[in-house]
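K.L.:
For the protein sequence lines, the chains are A and B, in the order given.
The numbering used here numbers the first residue of the first sequence as 1 and each following residue consecutively.
The numbering used here numbers the first residue of the second sequence as 465 and each following residue consecutively.
Derived from the structure by calculation, the hints contain no laboratory data.
Computed from a prediction, not measured in an experiment: that's the story for all the values here.
Glycine included, C-beta positions come from ideal geometry on N, C-alpha and C.
Warning: the hint list may mix true and false statements.
[What the hints assert, rightly or not] Sample of chain A residues at the chain B side, in silico, Cβ under 10 Å:
1. 72
2. 76
3. 80
4. 200
5. 202
6. 204
7. 205
8. 207
9. 248
10. 253
11. 337
12. 341
13. 378
14. 383
15. 387
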Amino acid sequence: MSNGTQGVEQSGWPLTTHDRHWTQWQLFVVLLVAASATWCYVIGEYIGYYLNLRMGFAAMTAGSMIGMLLVTLAVVPAATRYGVDSIASATPQFGNRGWIITVFLQYVSIIGWNSLLLIFFGKSVAQLLAGLGVTTADSADTVVRVSTALACITVFLVLLRGATGLEQISKVLFFFIVGIGVWMTWLLLTQQSDAIAAAKPAYASGNLQWDYVTGIEIGIVSLLSWWPYIGAMVREAPNAHTATLPAMLGMGLPVPLLSLVGLAAILALQVSDPSAWMIQLGGTRYGIIALIFVIAANLGTAIAGVYATGIGLRQVPGMSKLPWNVIILLGLVPVFAVGLFIPDVFFNNFGTFLAFIGVFFAPLCAIQIVDYFFLRGQRINIRGVYQRDEGTPYAYWGGFNPAAILGMVAGFATYLYLLNPVTYASHWPYEYVTASLPTALVGGVVYLIVTLLVVRPAGKGDYR
Amino acid sequence: MVARSFDPELERRIAELENDANQGAGFTPIDWFWLIALGVVGPALLLYWGWQS
Numbered sequence: 001m002s003n004g005t006q007g008v009e010q011s012g013w014p015l016t017t018h019d020r021h022w023t024q025w026q027l028f029v030v031l032l033v034a035a036s037a038t039w040c041y042v043i044g045e046y047i048g049y050y051l052n053l054r055m056g057f058a059a060m061t062a063g064s065m066i067g068m069l070l071v072t073l074a075v076v077p078a079a080t081r082y083g084v085d086s087i088a089s090a091t092p093q094f095g096n097r098g099w100i101i102t103v104f105l106q107y108v109s110i111i112g113w114n115s116l117l118l119i120f121f122g123k124s125v126a127q128l129l130a131g132l133g134v135t136t137a138d139s140a141d142t143v144v145r146v147s148t149a150l151a152c153i154t155v156f157l158v159l160l161r162g163a164t165g166l167e168q169i170s171k172v173l174f175f176f177i178v179g180i181g182v183w184m185t186w187l188l189l190t191q192q193s194d195a196i197a198a199a200k201p202a203y204a205s206g207n208l209q210w211d212y213v214t215g216i217e218i219g220i221v222s223l224l225s226w227w228p229y230i231g232a233m234v235r236e237a238p239n240a241h242t243a244t245l246p247a248m249l250g251m252g253l254p255v256p257l258l259s260l261v262g263l264a265a266i267l268a269l270q271v272s273d274p275s276a277w278m279i280q281l282g283g284t285r286y287g288i289i290a291l292i293f294v295i296a297a298n299l300g301t302a303i304a305g306v307y308a309t310g311i312g313l314r315q316v317p318g319m320s321k322l323p324w325n326v327i328i329l330l331g332l333v334p335v336f337a338v339g340l341f342i343p344d345v346f347f348n349n350f351g352t353f354l355a356f357i358g359v360f361f362a363p364l365c366a367i368q369i370v371d372y373f374f375l376r377g378q379r380i381n382i383r384g385v386y387q388r389d390e391g392t393p394y395a396y397w398g399g400f401n402p403a404a405i406l407g408m409v410a411g412f413a414t415y416l417y418l419l420n421p422v423t424y425a426s427h428w429p430y431e432y433v434t435a436s437l438p439t440a441l442v443g444g445v446v447y448l449i450v451t452l453l454v455v456r457p458a459g460k461g462d463y464r
Numbered sequence: 465m466v467a468r469s470f471d472p473e474l475e476r477r478i479a480e481l482e483n484d485a486n487q488g489a490g491f492t493p494i495d496w497f498w499l500i501a502l503g504v505v506g507p508a509l510l511l512y513w514g515w516q517s
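Let the hints inform the model, and build the full structure from the sequences given.
P.N.:
What follows is the structure, given as structure tokens:
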């Protein structure tokens with residue numbers, strides 16, 4: 001790949017068809033590596049609090065694929081038609097200043113996920129070193145912090161090569177992640193099948209339908225969090241057809257499949273972290289293998305996340321000219337700070353973070369789907385995406401589209417009514433319809449109504 | 465309509481992408497089949513299977 005192409009990949013500018021060479025297989029590998037991380041064990045763990053293995057697997061997988069469908073419909077068509085990332089693809093809906101909302105959501109979301117990953121990584125290293133007798137339990141906190149710092153440095157060095165580095169490292173990590181993931185699942189299901197069958201979910205509510213829907217909800221919101229990631233990668237594909245199956249199978253399916261490991265582990269062994277239970281099951285040798293998996297999986301996802309953040313930040317005026325290494329640091333320094341100062345606080349509030357994802361990304365996806373498919377006839381004004389002045393296609397009112405803001409607010413209120421993100425207290429009809437799906441529906445319908453009644457009649461938004 | 469000009473390279477890219485022939489194609493009917501199968505029908509069947517346990 002030439003330096004010129006590499007520079008464009010780091011610029012946030014649209015990729016033309018001449019730049020977009022990734023095949024279905026290349027995209028599948030990159031997306032799979034991006035999706036497969038140890039957060040899957042935490043997701044599986046949360047579902048295992050409410051459901052047994054069969055129901056948990058069904059709810060998690062179904063929810064994940066529904067969430068992936070929403071993200072794919074929202075981002076893939078525009079990203080692959082015009083070679084743009086998730087942020088640029090949302091500019092027609094949010095406005096040529098309103099995209100700051102999506103940049104903020106992307107930034108917070110990816111930093112949150114990366115913090116979780118790298119803290120998980122640090123904890124695994126600490127656990128393994130303690131298991132090997134290299135360190136003591138007293139030094140675990142220090143080991144977590146040092147490991148997080150080393151992981152950040154590795155991500156930084158790989159990403160200096162932009163998408164090329166991402167694609168190259170993905171080829172290597174792919175075999176570790178798939179191979180060891182399958183092996184761990186087999187190990188758990190064969191050695192612990194009796195314990196899994198007899199296990200009772202620790203926090204089951206007593207209402208099986210509520211528990212089942214909560215499993216689906218966790219699956220949906222987990223996959224909605226791919227919105228910030230997916231655009232930066234699928235834009236390397238020449239068309240939507242090349243990206244469809246890689247998105248659904250490469251990014252959607254690995255999460256529930258790997259979450260099965262966490263689900264089975266929490267049911268059988270009451271711990272989801274493989275570097276802990278594999279030592280318990282087979283001694284330190286298995287623990288080392290699990291650690292290799294944790295390193296490979298987490299680094300791959302963290303690299304993809306920071307790359308996507310970098311492309312998103314390029315859309316911010318003033319950042320478009322910053323050197324690429326500075327952009328990467330902007331995505332990494334907050335992760336490093338979380339890992340250094342508040343690793344336990346962050347790690348212990350994962351459920352709230354997941355709900356935060358659903359609150360914002362469900363209406364966001366719906367708004368994009370409604371706008372692109374029903375209001376714009378699957379076309380956007382690519383010039384308008386990059387124009388920042390008044391009177392340009394996506395200037396709306398002061399650069400913000402009120403339809404998108406009202407859609408987001410309505411979705412936010414709907415989610416809060418249906419499911420409290422902090423306490424998980426719910427209201428009817430949550431136990432029938434989840435919280436994310438009605439949130440998406442309300443957000444999309446409000447966007448549609450405001451656009452038809454206000455925005456389009458006012459001649460704003462480049463609608464025809 | 466445009467008050468400020470773009471970087472020449474960005475301008476070249478935008479001009480190229482404004483031509484429909486240079487844009488990536490949308491979903492094909494086969495893609496829609498897979499999207500519905502994997503995102504709607506498959507999840508519905510899985511949920512039914514899980515609820516039977």
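K.L.:
Against each hint, give a clear statement of whether it holds in the structure.
P.N.:
Status of the hints after comparison with the structure:
Interface restraint check: residue 72 of chain A against chain B, minimum CB-CB distance 7 Å, threshold 10 Å, status holds. Evaluation of the residue 76 of chain A hint against chain B yields a held restraint, the C-beta minimum of about 8 Å falling below 10 Å. Residue-level restraint check for residue 80 of chain A holds (minimum Cβ-Cβ distance to chain B is 4 Å; threshold 10 Å). Of the supplied interface hints, the one on residue 200 of chain A is violated, with its beta-carbon coming no nearer than about 14 Å to a beta-carbon of chain B, more than 10 Å.
Contact between residue 202 of chain A and chain B, as hinted, is not supported at the beta carbon level, the nearest pair being about 18 Å apart and thus beyond 10 Å. At a threshold of 10 Å, the smallest CB-CB gap from residue 204 of chain A to chain B is about 14 Å, leaving the interface hint violated. Taken as an interface hint, residue 205 of chain A does not check out: its beta carbon lies about 16 Å from the nearest beta carbon of chain B, beyond 10 Å. Using the Cβ-Cβ criterion of 10 Å, the hint placing residue 207 of chain A at the interface with chain B is not satisfied: the shortest such distance is roughly 14 Å.
For residue 248 of chain A, the shortest C-beta to C-beta distance to chain B is roughly 5 Å, which falls under 10 Å, so the interface hint holds. Given the 10 Å rule on beta carbons, the hint for residue 253 of chain A holds: about 8 Å separates it from the nearest Cβ of chain B. Annotation: residue 337 of chain A was flagged as interfacial toward chain B, and the flag is violated, the nearest CB pair being 33 Å apart, outside 10 Å. Violation of the interface hint for residue 341 of chain A is found here, the shortest Cβ-Cβ separation to chain B being roughly 39 Å, above the 10 Å cut-off.
Checking residue 378 of chain A against chain B: minimum C-beta separation of about 5 Å stays under 10 Å; hint holds. The beta carbon of residue 383 of chain A is positioned within 10 Å of a beta carbon in chain B (closest approach about 5 Å), and the interface hint is therefore held. Because the beta carbon of residue 387 of chain A sits about 6 Å from the nearest beta carbon in chain B, less than 10 Å, this interface hint is met.
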